[in-house]
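There are 2 protein chains.
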Amino acid sequence: MECQPVPVRLVIIGGVAGGATAAARARRLSEDADIVLVERGAEVSFANCGLPYHVGGEIADRRRLLVQTRTGLAERFRLDIRTRTEAVALDAAARRVRLRDLATGREYEEPYDALLLSPGAAPVRPPLPGIEHPRILTLRNLSDMDRIKAVVDAGAPQTLIVGGGFIGLEMAENLRRRGTAVTLVELLPQVLPPLDAEMATPVQEELARNGVQVLLGDAVTGFADEDGRVRATLRSGATLAADLVVLAVGVRPDTGLAQSAGLRLTPRGAIVVDDRMQTSNPHIYAVGDAVEVGDPVLGDRVFVPLAGPANRQARIAVDNIFGRSARFRGTQGTSIVRVFGVVAAATGASEKRLKATGRPYRKVYIVPNQHAAYFPGAQPMILKLLFTPDDGRVLGAQIVGGEGVDKRIDVLALAIQARLTVTDLAEAELAYAPQFGSAKDPVNMAGFVAANVLSGDDEVIYAEELDEARRDRYTIVDVREPGEHAAARIPGAHLIPLGELRDRWGEIPRDKPIVVHCAAGQRAYYACRFLRQRGVPCRNLSGGLRVYRCVFPRGVEPAAGAVPAPATGRCG
Amino acid sequence: MECQPVPVRLVIIGGVAGGATAAARARRLSEDADIVLVERGAEVSFANCGLPYHVGGEIADRRRLLVQTRTGLAERFRLDIRTRTEAVALDAAARRVRLRDLATGREYEEPYDALLLSPGAAPVRPPLPGIEHPRILTLRNLSDMDRIKAVVDAGAPQTLIVGGGFIGLEMAENLRRRGTAVTLVELLPQVLPPLDAEMATPVQEELARNGVQVLLGDAVTGFADEDGRVRATLRSGATLAADLVVLAVGVRPDTGLAQSAGLRLTPRGAIVVDDRMQTSNPHIYAVGDAVEVGDPVLGDRVFVPLAGPANRQARIAVDNIFGRSARFRGTQGTSIVRVFGVVAAATGASEKRLKATGRPYRKVYIVPNQHAAYFPGAQPMILKLLFTPDDGRVLGAQIVGGEGVDKRIDVLALAIQARLTVTDLAEAELAYAPQFGSAKDPVNMAGFVAANVLSGDDEVIYAEELDEARRDRYTIVDVREPGEHAAARIPGAHLIPLGELRDRWGEIPRDKPIVVHCAAGQRAYYACRFLRQRGVPCRNLSGGLRVYRCVFPRGVEPAAGAVPAPATGRCG
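Just so you know, the sequences run in chain order A and B.
Under our numbering, residues 1 to 572 are what the first sequence spells out, in order.
Under our numbering, residues 1 to 572 are what the second sequence spells out, in order.
It is worth saying that the hints were derived from the structure and are not from the lab.
There may be inaccurate statements among the hints.
[What the hints assert, rightly or not] Covered stretches of chain B, as calculated for chain A (at least 3 residues, CB under 8 angstroms):
id : stretch
1  : 48 to 60
2  : 299 to 308
3  : 406 to 412
4  : 521 to 533
[What the hints assert, rightly or not] With beta-carbon atoms standing in for the labels, derived distance ranges:
id : chain 1 : residue 1 : chain 2 : residue 2 : range
5  : A       : A356      : B       : W505      : 56 to 66 angstroms
6  : A       : L188      : B       : G358      : 58 to 68 angstroms
7  : B       : A208      : A       : G402      : 32 to 42 angstroms
8  : A       : G402      : B       : R147      : 29 to 39 angstroms
9  : B       : R84       : A       : L495      : 32 to 42 angstroms
10 : B       : K355      : A       : D113      : 44 to 54 angstroms
Ideal placement from N, C-alpha and C gives every residue a C-beta, glycine not left out.
My request is simple: use the sequences and hints to build the entire structure.
Shown next as structure tokens:
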């Protein structure tokens, strides 16, 4: 028989992800605690990441989204669940929270020994003219989803999505699935802000291929009613009529309650917690999309609303509430999204964050297949790896492709967590059968290539250094085959196929620094190894023409080459 | 300009996997070296892991199996490739290898500065009566494959496979694909020896479901000709007629040459190398399926013929040959196989190896879905995790299921490489979107459950402790729902659904130790948490009825329950 923890009265505000996990964990730790779970909406523990797919119909049965029903959860864990109940005030000194029953309007006070805030984050509704139009909707919970779906069910031939983040893209796919015309406006010059811009290019091309009109670097300046529809005016001057507008321009921590109680907040309004998930008040803990957490890669504090970390934070907060010791290690921002046939994923630091924080880094791009090329269904992915220039510690990774992207981002996420180096990636022993990988897995290949860069065996240059203004400073040698060169090439590149290089290297002009490129970087590496051993310095274009096209989608000739390339390109 | 390595004459014996990789790497390190690649067969660098799939037709075009052609490889890396050439003698003192041109029979000597042996391993042909029958074939190279395929193409209504390892199972699948009847005989009481027996059960059930007759614990004692067909006699006394027999009873290092040169071999006949891949002769290196390497988990030496390690060893050997310093970290045995619709994978130490070496360990089983249950296509896998009892370091993992098995085995393989603990798995930040995972990924869940076992929060018992002889020592409580209990139950188990436990726990007899079980272990964990807080000691059956059925496929009642369960079972 084990010793009983001190009975407590635990009140949890917010019954989705973190809140529901916390309540279940609390009951497992204490059979005698009073556990009150307060939720503003009608349901607890629903699958918020599934909402767009019920709109689109891929999750046909709405009940699938109710991971646990209110009754099931209450019975299994003996919880006092109060849905449609809002926490309206918090007296931290007296340890009482004021609740309002939304059905009756009745307000009452609830005492607690410990309070866990899991309020989540609310979609931002920018204060634009006309924003209150009833067809301008956001997506956070089941009711929001029902509203959007009702509009689409009733017939919405033209829809407008504002924001190109995860929710915006998932809604774009699902609205297209419903047959509506979709325009997506994004303020930034790229979709998917967690990715670096060049890695978002294949996603943008996939959106275009699937009939989504993507307007980058533009913004809505106002809305107006037009016979019940919405007319949106853009900063660029264009106007768009839409039967439905989905606002997905980000979320903001839902921390009014925390603020009213005097809890410490960050300048951006997130709740400050320590690594035990404790707020500035020792009886109040907070988890999920409302808190700021540490970034274990860069060491700073970040606001990263993701379901996985929210669940782990909840477990850690409850452990600490019940006298155990547990610490949250921070959030490295591992995320993934499927956009039509393309999968994009990221973990750790992006290049733009490394630049913004002034950290030294190196990077490589590779374009491997997800499994053995000789087995049917092989399909390339573009993998970007960021690492420290001294010891090669992995800092971040981004991958865009199809099948197998999720596997490699998870392996690389764990590599970052374990503080592994690119040499460790090269030596990783991963599972190989022709259906699942290669004897040299993409993770190994990334490690090999990065280690070659660190050792100086492979001197690389990056596509962005070959923009129109600087391209002429280099002699560019294309070592692909004539057919490949004819189909798409960097303007001014000299063709010498790899197989002819040993005979023809004397042809290469030596008046400028030499850049060698191929389709994805491998043949050019071989070429550079040869040239450098012959005394000819040269640099390999990392990721080859495939990544060059991601950086400069219109930078190749002939003009036909400017047509969007396949989302992913064959490894060369 | 970089400094040139000393020119060498490098001779490589064996042109598949390791040998071809080594030749390419050598050329990248030295443009001036003479590189001779000697291969007994007609082709170098073919996809040996793809051979069964050309027999079955999934890889329809034979040319896909030629990863690099002889000409392509020779041109790209300026190699002196000699196919259909056998190394017949080795004078290590004089640094000369004697080669025989198999077409002409001409023999000649080839000097070397460094010799790399990559001879591979040859299929074992046990000295059974009648073994020389022309319809008894093995599968190692393209010619072997062609012979097998020719027999099947000509019509082979009945086939016999001897051996239930990777090649045996892949051939079983591919011969069934061709419509032949397949019987598979395996000496051990299980297929797939790298797995523990209970984890092989779903694979055996999948073979049966797909019409493969599997005879475990039996062996062929002899063959006889019967009108051109083969009649095999088994130890059990049965006889079987077959139009084709595929022998897949293991491989043996192909080290006659090494032996003749006096290189140090292991008692099992593998070449002894250090972690630089150097043999007992400083001018001779060896890699691949012919060498014994270190096991980084258990610290002993192992013979693990796998393509991934062979490729990495080749790179390391060549680096050392050319004056760089590189060390091989050993092989932890990460492997995977698809058998019809089931995927089985393993990494690190198995339970049987831990037992055989007397190492202390703990284990847990979980039965998670590969992605969010609310998204279409969710499918369970059985995951077994082995870890140290003191600090929870991950020692090994085995997974059987469908989609997503490959991802989790790779993440766990890297966890072993990085010497992570089960707590690290619990805290791993992996990518979650409903198509790819769950907010609590199977890897996290394995970490949570294992950490609960280590902390004592979850006291587990294993199915093997509930065999017929010992089952009566326990009061077994089934906390599933009545319908689940009616469909399949452990004989003698008392039904108290989890939702009724708080009211009915007084009914549980207290005269014997209590075991609680559910479908997969989660509800039983909740039940045990409750009971133990009420002063009732109890143990949770790890992996629940799903794993119990893997250990005792005929151990449930009613008899209908003895029908093979689905390959993977719903998580409970």
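Hints and how they fare:
no.: 1; hint: 48 to 60; verdict: holds (count 5)
no.: 2; hint: 299 to 308; verdict: holds (count 3)
no.: 3; hint: 406 to 412; verdict: holds (count 5)
no.: 4; hint: 521 to 533; verdict: holds (count 6)
no.: 5; hint: A/A356 with B/W505: 56 to 66 angstroms; verdict: holds (57 angstroms)
no.: 6; hint: A/L188 with B/G358: 58 to 68 angstroms; verdict: holds (59 angstroms)
no.: 7; hint: B/A208 with A/G402: 32 to 42 angstroms; verdict: holds (33 angstroms)
no.: 8; hint: A/G402 with B/R147: 29 to 39 angstroms; verdict: holds (37 angstroms)
no.: 9; hint: B/R84 with A/L495: 32 to 42 angstroms; verdict: holds (36 angstroms)
no.: 10; hint: B/K355 with A/D113: 44 to 54 angstroms; verdict: holds (47 angstroms)
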